[in-house]
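Got chain V sorted already, so can you dock chain H onto it with the hints?
2 protein chains.
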Amino acid sequence: MSTQNFYIALLHSPVYDKKGRVSVTSIANIDIHDIARCARTFGVKRFYIVSPIAEQRALAEKIVFHWQSGFGSTYNPSRKEAFALVDLKGALDEVLEDIACRVGKKPRIVVTGARLAGECLSAAALREKVQSGEDPYLLLFGTGSGLAEEILERAHHRFEPIQGPEEYNHLPVRAAVAILLDRLWGK
Amino acid sequence: MSTQNFYIALLHSPVYDKKGRVSVTSIANIDIHDIARCARTFGVKRFYIVSPIAEQRALAEKIVFHWQSGFGSTYNPSRKEAFALVDLKGALDEVLEDIACRVGKKPRIVVTGARLAGECLSAAALREKVQSGEDPYLLLFGTGSGLAEEILERAHHRFEPIQGPEEYNHLPVRAAVAILLDRLWGK
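Chains V and H, in that order, are what the protein sequence lines are.
Going by my numbering, 160 is the number at position 160 of the first sequence; the sequence numbering is gapless.
Going by my numbering, 167 is the number at position 167 of the second sequence; the sequence numbering is gapless.
Next up, chain V with everything else stripped away, as it sits in the complex (with noise of 0.2 angstroms):
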């Protein structure tokens, strides 16, 4: 199985707060560990974190060197391959740019989110085009309520949301992304 060209980002802008509103979230610690450690189990090539305060991305990268090459490398080595996988970025347009430079080619977007309509890809459909190997592809997925309007009109597709047996769906952005990663290359 191949996800060779498969790349995943966390956006804290432009994202909804709960009331609506185009806003800028923090970059929590426990995303970039658990996200890191689902980016890595399930074979996605980097894990991008985009946020546009440079203050959040330089604490951010502090916490990522203890991981990569302070104490936390030799006191959890797996850790450590997993933060191997995280990048800091200001904007979606440097994350685009740095897949570009990496493997020749813009990546397609697709986007995330709880109450997406319209026409979505199914788990089955993405990773054919995945495995198609034509083009990276970059799964987005958004911190506080959801991506915003601007991030969803540049997307190429939009996944399938998540859904339960019921009405409810408040699941936490790290679920998300586990659930997603494995319905796509989970065994």
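Rather than coming from a laboratory, the hints here were simulated on the basis of the structure.
Mixed in with the good hints, there may be bad ones.
A pair counts as met if it fits within one copy or between any two copies, since identical chains are not told apart.
Capping the alpha-carbon separation at 27 angstroms, the derived lysine-lysine pairs in DSSO-like fashion look like this [stated by the list, open to error]:
no., residue 1, residue 2
1, LYS18, LYS187
2, LYS80, LYS19
3, LYS129, LYS187
4, LYS45, LYS105
The following block gives chain H in isolation, referenced to the frame of chain V:
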């Protein structure tokens, strides 16, 4: 889809630490939040947090109260709904008795773990058993480095481990809960 007779529990003892010694872990605030939200989304009837340390249970109960009845209940009503599923217990036997009190029968125990071997149930097979409605089912998750042997020995079934495309397999327990509940009850 009926998940009426389906329960989960997160055990903080007896579990292995990273050196393979049987130990007790601390209750983590993030586990309460993330797992309660997943449990509510996927129709789990009750989410038990098991710790033998009374002070830790008391602290966790304070947190649950905040989101259930305190300021958090009006600040975030969807969190209130998720936290309504949470129950603190001192040991696995108390969980079994609580379920027996509720439905008149002790549950069948299903254990999870990244390194489980031997005969394991797939999600489809477990779903079928739960839906047959004969018995309540309790899915157990271990913190630290997983459930201790004395717990595994008490299980009626083992749940097929999650596996990505490669060898690496170090998911946070929060991610494992999200993935297995989605495999069982996701649409």
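Here is what the structure says about each hint:
{"no.": "1", "hint": "LYS18 - LYS187", "result": "between (35 angstroms within a copy, 25 angstroms between copies)"}
{"no.": "2", "hint": "LYS80 - LYS19", "result": "between (37 angstroms within a copy, 18 angstroms between copies)"}
{"no.": "3", "hint": "LYS129 - LYS187", "result": "both (18 angstroms within a copy, 22 angstroms between copies)"}
{"no.": "4", "hint": "LYS45 - LYS105", "result": "within (15 angstroms within a copy, 47 angstroms between copies)"}
In summary, this structure violates none of the numbered hints.
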